[in-house]
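Trainee: Using the sequences provided together with the hints, build the complete structure.
The chain contents come next:
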Amino acid sequence: MQRIAVAPLAWLIIGAVSLGLAYFLVYPIHVLQILCFMVFAAAFNLLIGHAGVLSLGHAAFFGSGAYLAGILMKTESVTPELALLAATGATLVLGLLMGAIAIRRQGIYFAMITLALAQLVYFIAFQSPATGGDDGLQGIPRGAVLGRFSLESNGAIYLFVSAISLLSLWAIHRIGCSPFGSLLRAIRQNEDRAISLGYATRRYRLAAFVISAGFAGLAGGMKALVLQLASLTDISFFISGEVVLIVLLGGIGVFAGPLVGAALLIGFQLVFVSSPVPVPFVLGIVFVICVLAFPRGIVGEIVARLPAQSPSSNSPAGQQHERPNEGREHSW
Amino acid sequence: MVDLLGLPVTAVFGQLMIGLINGAFYALLALGLAVIFGLLHVINFAQGALYMLGALVAWLLLTEMGLGYWWALILSPLIVAAVGAAIERTVILPLYGRDPLYGLLLTLGVAMMIEYGVVWRYGSAGMPYGTPEALRGVVNLGFMILPLYRLWVMATSIVVCLVVWHMIERSSVGARLRAATEDPAMAQALGINVPALRTTAFAVGAGIAALAGVLAAPIYQVGPLMGQSLLITVFAVVVIGGMGSIRGAVIAGFSLGLIEGLMRLVYPEGTRMAVFLIMAVVLLTRPEKPIGRA
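Taken in order, these protein sequences are the chains called F and V.
Numbering of the first sequence is given in my numbering, commencing with residue 1 and proceeding in unit increments.
Numbering of the second sequence is given in my numbering, commencing with residue 1 and proceeding in unit increments.
From the structure, some residues in chain F lie toward chain V, with a derived Cβ separation under 7 Å:
{"#": "1", "residue": "I101"}
{"#": "2", "residue": "Q119"}
{"#": "3", "residue": "L120"}
A short list of chain F residues far from chain V (calculated; beta carbon distances all over 12 Å):
{"#": "4", "residue": "N154"}
{"#": "5", "residue": "L167"}
{"#": "6", "residue": "A171"}
{"#": "7", "residue": "D192"}
{"#": "8", "residue": "A200"}
Don't read these hints as lab results, they were simulated from the structure.
Backbone N, C-alpha and C fix where the C-beta goes; we use that ideal spot for every residue, glycine too.
Mentor: Now the structure itself:
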């Protein structure tokens, strides 16, 4: 498949510029919400697109990150960057715990375990007094970076979250392009082969899971700062399902996929928030259409139809793909 | 008054009975899931939505056509089975042969469409459904007082589970269904109508869910999202019982209901978590075995 022949740094600049424009064209808080989900979805894509691992409980990380950041900001009067750091660190640990349990199984069983463990986390959050139960954490202060630069204004929080998001997306991209990323894809395509080459495949998949969890927690923490709210929805199955849909819609395994998916889906929800049609109803329709007609996702379909520059050895151009993760090069 | 676990006996048995009733619904839904997964290798995320449809159809039959509970018990499963067959023919059929995770995602989408379609049409509050005349009142078992309707639910669910199990594991129709699962090409070559059997299997799963919905209506009332909270627990039940194993699903369903009832007496905060903890433990300690056979 054609590699997008533009240096990542250029993309960073393009991203920064577009974000700058977006600030004036679109309601900034909405842009930030979309950004948070972009990071969340990109982290999820690292897991499913590269490692080929489907997690049905990623809301546990997103929500935990949100709650942790919120709790720290409210009760300890911590600076926002430290709160985010702590949220990320804690979700890394949570990811390690959940992943260590789940990674011993594969495929559907793995997905079911993540679902169950996420439910456990949900119930713990539900019952814990620190999370405010049904009401959630409200009025989370945004604090001041390094104690000096207040994030209360739209502009300040916009700069802060945009910077962190861009850096995170860049980092995720780099991880995908790295030898580690190649190894994940190799393990996904032929695990036995990888094992025979001496790689402890389970550990690599666990590593991918943990990294994905950490970034998801960071995204959740940022969201809590942006909206100044953390609720049970953030840690519920609805969010777990939504991130799957975002990546499916945008394109599994393609870097731009989760970005496009998040922009579309979250953007749609923000625009139609007061419509009488229940959002999940539309999401359900999108889900069904995607699975049946666009399994490669929007960006995936676009990339697949580009003229192939160098046909990869394991996927003849034009072959209909049955599995979501089989035999595809990535346009990373 | 005798005391058990520091509580009056009637209270203990009362909680256990509530747990068993919940277990009956777990078992019924798990049964449907196991049938569909065992025979179609599709994880039907829409099972909860079909359960809700069963209750909804019962309510509609009552309010729109004046047809009461006993009519609903027969008609609702048939109607919802037809809906299930339609779903299978249209959206599930293209997915056979692909990664089962696709089926999971698709049925999730279908579930969302059904549940929130109902929310759109009828609002998110529930609709009441009364207990049928003949089943009101209580039964005195000596050590506890049991509402007659709950006894009815228990009896019906046990009978349904036994009948379905017998049909699939022991009858010739069931044998053909199982053959179609294990080797569709061969079964088809031998003249078995595999696509029709698949549709039937899905329809049966849907019908069982709907029956559970009708049974549930007088107890839990009819709410658009009544299946949602139930479903994730039922998934855990199916996994514990062994995915695709009908006997396992049923036994696990009743057992877990009972365990939940016990938890509510001993450690109420952990009630909802119990099932998932057990599932995690079971999954980690059980050796991985091929999907399908118990």
